[in-house]
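Asks: Those protein sequences? They're chains A, B and C, same order as listed.
Counting with our numbering, you get residues 1 to 338 for the letters of the first sequence.
Counting with our numbering, you get residues 1 to 338 for the letters of the second sequence.
Counting with our numbering, you get residues 1 to 338 for the letters of the third sequence.
Take the hints with a grain of salt, since some may be wrong.
Identical copies carry no separate label here, and so any pair may be met within one copy or between two of them.
[As the list claims (entries may be wrong)] Listed next, the in silico DSSO-like pairs over lysine-lysine satisfying Cα-Cα at most 27 Å (straight line):
#1 205 <-> 73
#2 299 <-> 165
#3 87 <-> 73
#4 307 <-> 283
#5 331 <-> 283
#6 165 <-> 73
What the hints contain is simulated information worked out from the structure, not anything from laboratory work.
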Amino acid sequence: MWVQDAWYVAAWTHEIEPGRIHARTIIDQPLALYRTTDGAVVAFEDRCCHRFAPLSLGRLEGDDLRCMYHGLKFAPDGRCIEIPGQKLIPQSACVRRYPVAVVGSWVWIWMGDTAAADATSIPSSLALDDPAYRLMASHLDYAAHYLLIDDNLLDLSHLSFAHEKTLGLDMPQWADQRPHVVPLERGLRFQRWLANHPTRGFMRKLGERVDVWNSYDFVFPGIFLQRTTFHPQGTAERSGGREPEGEPPFYRVDEQAVTPISARASRYFYAAGARRDDIDPGKLERLFGVTQLAFNEDKTLIEAQQKTIDLDPTRPMLGTSLDAGPTRFRKLVESLQR
Amino acid sequence: MWVQDAWYVAAWTHEIEPGRIHARTIIDQPLALYRTTDGAVVAFEDRCCHRFAPLSLGRLEGDDLRCMYHGLKFAPDGRCIEIPGQKLIPQSACVRRYPVAVVGSWVWIWMGDTAAADATSIPSSLALDDPAYRLMASHLDYAAHYLLIDDNLLDLSHLSFAHEKTLGLDMPQWADQRPHVVPLERGLRFQRWLANHPTRGFMRKLGERVDVWNSYDFVFPGIFLQRTTFHPQGTAERSGGREPEGEPPFYRVDEQAVTPISARASRYFYAAGARRDDIDPGKLERLFGVTQLAFNEDKTLIEAQQKTIDLDPTRPMLGTSLDAGPTRFRKLVESLQR
Amino acid sequence: MWVQDAWYVAAWTHEIEPGRIHARTIIDQPLALYRTTDGAVVAFEDRCCHRFAPLSLGRLEGDDLRCMYHGLKFAPDGRCIEIPGQKLIPQSACVRRYPVAVVGSWVWIWMGDTAAADATSIPSSLALDDPAYRLMASHLDYAAHYLLIDDNLLDLSHLSFAHEKTLGLDMPQWADQRPHVVPLERGLRFQRWLANHPTRGFMRKLGERVDVWNSYDFVFPGIFLQRTTFHPQGTAERSGGREPEGEPPFYRVDEQAVTPISARASRYFYAAGARRDDIDPGKLERLFGVTQLAFNEDKTLIEAQQKTIDLDPTRPMLGTSLDAGPTRFRKLVESLQR
Numbered sequence: 001m002w003v004q005d006a007w008y009v010a011a012w013t014h015e016i017e018p019g020r021i022h023a024r025t026i027i028d029q030p031l032a033l034y035r036t037t038d039g040a041v042v043a044f045e046d047r048c049c050h051r052f053a054p055l056s057l058g059r060l061e062g063d064d065l066r067c068m069y070h071g072l073k074f075a076p077d078g079r080c081i082e083i084p085g086q087k088l089i090p091q092s093a094c095v096r097r098y099p100v101a102v103v104g105s106w107v108w109i110w111m112g113d114t115a116a117a118d119a120t121s122i123p124s125s126l127a128l129d130d131p132a133y134r135l136m137a138s139h140l141d142y143a144a145h146y147l148l149i150d151d152n153l154l155d156l157s158h159l160s161f162a163h164e165k166t167l168g169l170d171m172p173q174w175a176d177q178r179p180h181v182v183p184l185e186r187g188l189r190f191q192r193w194l195a196n197h198p199t200r201g202f203m204r205k206l207g208e209r210v211d212v213w214n215s216y217d218f219v220f221p222g223i224f225l226q227r228t229t230f231h232p233q234g235t236a237e238r239s240g241g242r243e244p245e246g247e248p249p250f251y252r253v254d255e256q257a258v259t260p261i262s263a264r265a266s267r268y269f270y271a272a273g274a275r276r277d278d279i280d281p282g283k284l285e286r287l288f289g290v291t292q293l294a295f296n297e298d299k300t301l302i303e304a305q306q307k308t309i310d311l312d313p314t315r316p317m318l319g320t321s322l323d324a325g326p327t328r329f330r331k332l333v334e335s336l337q338r
Numbered sequence: 001m002w003v004q005d006a007w008y009v010a011a012w013t014h015e016i017e018p019g020r021i022h023a024r025t026i027i028d029q030p031l032a033l034y035r036t037t038d039g040a041v042v043a044f045e046d047r048c049c050h051r052f053a054p055l056s057l058g059r060l061e062g063d064d065l066r067c068m069y070h071g072l073k074f075a076p077d078g079r080c081i082e083i084p085g086q087k088l089i090p091q092s093a094c095v096r097r098y099p100v101a102v103v104g105s106w107v108w109i110w111m112g113d114t115a116a117a118d119a120t121s122i123p124s125s126l127a128l129d130d131p132a133y134r135l136m137a138s139h140l141d142y143a144a145h146y147l148l149i150d151d152n153l154l155d156l157s158h159l160s161f162a163h164e165k166t167l168g169l170d171m172p173q174w175a176d177q178r179p180h181v182v183p184l185e186r187g188l189r190f191q192r193w194l195a196n197h198p199t200r201g202f203m204r205k206l207g208e209r210v211d212v213w214n215s216y217d218f219v220f221p222g223i224f225l226q227r228t229t230f231h232p233q234g235t236a237e238r239s240g241g242r243e244p245e246g247e248p249p250f251y252r253v254d255e256q257a258v259t260p261i262s263a264r265a266s267r268y269f270y271a272a273g274a275r276r277d278d279i280d281p282g283k284l285e286r287l288f289g290v291t292q293l294a295f296n297e298d299k300t301l302i303e304a305q306q307k308t309i310d311l312d313p314t315r316p317m318l319g320t321s322l323d324a325g326p327t328r329f330r331k332l333v334e335s336l337q338r
Numbered sequence: 001m002w003v004q005d006a007w008y009v010a011a012w013t014h015e016i017e018p019g020r021i022h023a024r025t026i027i028d029q030p031l032a033l034y035r036t037t038d039g040a041v042v043a044f045e046d047r048c049c050h051r052f053a054p055l056s057l058g059r060l061e062g063d064d065l066r067c068m069y070h071g072l073k074f075a076p077d078g079r080c081i082e083i084p085g086q087k088l089i090p091q092s093a094c095v096r097r098y099p100v101a102v103v104g105s106w107v108w109i110w111m112g113d114t115a116a117a118d119a120t121s122i123p124s125s126l127a128l129d130d131p132a133y134r135l136m137a138s139h140l141d142y143a144a145h146y147l148l149i150d151d152n153l154l155d156l157s158h159l160s161f162a163h164e165k166t167l168g169l170d171m172p173q174w175a176d177q178r179p180h181v182v183p184l185e186r187g188l189r190f191q192r193w194l195a196n197h198p199t200r201g202f203m204r205k206l207g208e209r210v211d212v213w214n215s216y217d218f219v220f221p222g223i224f225l226q227r228t229t230f231h232p233q234g235t236a237e238r239s240g241g242r243e244p245e246g247e248p249p250f251y252r253v254d255e256q257a258v259t260p261i262s263a264r265a266s267r268y269f270y271a272a273g274a275r276r277d278d279i280d281p282g283k284l285e286r287l288f289g290v291t292q293l294a295f296n297e298d299k300t301l302i303e304a305q306q307k308t309i310d311l312d313p314t315r316p317m318l319g320t321s322l323d324a325g326p327t328r329f330r331k332l333v334e335s336l337q338r
């Protein structure tokens, strides 16, 4: 069911504190994460090989981790280096260690065959401390299958409806202005103009209406990197449907990662912000607060959708032309599952 | 397992407020209920045909309902009348609409084949605003199969035991005075005299003991309409076991409806009161308060009974002569399930 | 799956109060326990034979128990002696009665074939009011299979690790000093010396280090009776590994019983204390308080271990030489299951 051979986001890097062992679960596999003294992140299976006590309840001893049930001790490479009361340590005494990479501000874990782990295949993302931007970050837990959250991000026509109270977007536009979709390695790129879009809040200073250029990449399992730039009216028409040239007066960025925990649990990591010169910390807090409200609206809808699906799991959905993105992505996921 | 072809009580009419969409579940089917501008109640399947978001999280637009995930809009007959970003609306774009009838003070929903819906087959009940009576109403949710609640109502011998602390009924009488049972269309009628029954509370003004005539109809799936009249001692004997003639000094009414939600969840609607001239609002509140205490005693017992049954679901029960009502009704339910 | 033919601890005797009916569950069988007027404990199946209402919601009438749903009444031998509204009581109208014995301070229930119940086979234990000791007692509920708790008690090497913060035991000793293990009827005896063990708390008066003799019997399903005596340094060596002679300056006792409730629920009864002259009530409270903290550490670990096992129930554990006790006991349990 799960795609093993993929990099999954386990945490924001700042969430993995030195001196602590963190329990996480990805695709039904429990993980224990900690930092060695040089700051590198180690990801073990969260299950002592002896009696299956969670290693996340253990103790760090320098770079090693000791299970605090019967005291077996493991080096960062997963080998058992001490069994109390026993001199001989068998070869089989080890815990699975998963490949880890810290790229951007995320801790990525490779859940598949170690030999196949290739950190260069990790999708692009933005570091939270990138000096060009001002960003805030958090995460949200869903009681839903991760592909329902992916569906949501792969069809932004829902913005007008699901978020009418928070984002206050002009209703038909996100549905009417279909994005141009091109394939990426394990993903899709979406780009579109939303011409004459009304402004609100502190964006109002750009005028009552602007032309909005929206572009995002969406890569398996749910890595979303979006930039949305705001331009004077007429820019869309002048650009002939293509990416705008020149500096926009406002440049927003969003990055998100959807991580499957189990069949009905997922973690949603998100950051939002803007180009440093376009926003001050107070406005960023407002922008981020509204964004969080909107994400909670998605959560309410998607968790309810999951329950409704589960009442009758084999019933076919009605396809519409809105579903181009989700449908193409589901096919890609199916191909990865093989 | 469920009987589809039946009218089920979904709500007290006053519970379905204008301008809101109400989520209910009957026999495992999720429903979205709302009123059109003329007050008529519409019952949709609570599942948008597009991506299965619940319609109960949607928005009313006049008489129509818009799903607030991707914006599909449905007319009161269930037809989709708008798909944002798409001109053509396929025939298959619709949600199931269930036949609804408001009869008495209940909203009834026909869960079976629409062509077979016949509002004239709805069982009798009493409107809460019937000028002849003073009534109070509420509902209670059970974590139990609805037939266990039906069993309870089909054998009132439990009154002496389950409610000894609240109703304080004379213990052996409800078991000893077996009711006369006659079949009804999809139900049973129970009638009996309880002679020389002790009185309590404000009924004491009728004397220390009275003759009580108890008569109720019980119709699938669990519609209970009861009148209990109180008479001077000797009336039972003079009536020769038959229904009393003439006006009783006190006339109590009870109506209840048991609605299956799922295999282990049911909703129990109830109203209790008396002939308007026999009771004032203060006494009605006391009568209703005691009634609610007693219903919570039933709930405790029946939910515990459900758990005990579930520990060993195939074990046969011991039949006694108390079970005539429940046994006959279960046979009727079996015949309806075919 | 369960061993039926065994005595299980249902309660501390003081928990079964006169005049009340107590609900307990042992190996998935619900029980209703009460005392007759002479103080004897009766254990019924907690399920009326009529409609399966729990008898624990019933009423005591002298030595008899009445089900308070429809009023069936049962004598202490389980026979039904009254069915309201019915003269004839069929032979089959009875509830299962389980053999009960009060031995030590525990109420024991035989869950198997009544004919095979033999109270002389009940394992040894200590009465809480034994004048030679000062003891305190309580119980703890686990969301785990009882054999995981047994495993814990059958390998005390975990003491150094799981309880480092509470018991502060010298780390390697409990793992390094392997116990001498001998078989018992349905159990195992563990004995060992821990020489030069550091003291703490009020034990410090015995010197900075002592020789500790630890001996316990562990009998199916999880009856643990332990004495731990503290001796001047050198005693272990002088005793040549055998049980010490003469009176120790401090003598601690522990008794525990693990009772399976269901596949993922167990109750853990425990008492701890010391020889009466070795401890005063204030020190006993401190000793017991620390003991309870330690037992909660076990609970955290074992419940987490259960969850980890359940994620992948067929995965084999790594055997170590620590596991001699658990492994031998599991074989014994397997032989009893046949």
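Asks: Work down the list of hints and note, for each, if the structure agrees.
Replies: Outcome of the hint check:
{"no.": "1", "hint": "205 <-> 73", "verdict": "neither (60 Å within a copy, 34 Å between copies)"}
{"no.": "2", "hint": "299 <-> 165", "verdict": "within (15 Å within a copy, 41 Å between copies)"}
{"no.": "3", "hint": "87 <-> 73", "verdict": "within (13 Å within a copy, 65 Å between copies)"}
{"no.": "4", "hint": "307 <-> 283", "verdict": "neither (37 Å within a copy, 44 Å between copies)"}
{"no.": "5", "hint": "331 <-> 283", "verdict": "neither (40 Å within a copy, 67 Å between copies)"}
{"no.": "6", "hint": "165 <-> 73", "verdict": "between (53 Å within a copy, 18 Å between copies)"}
In this structure, the hints that do not hold are numbers 1, 4 and 5, in rising order.
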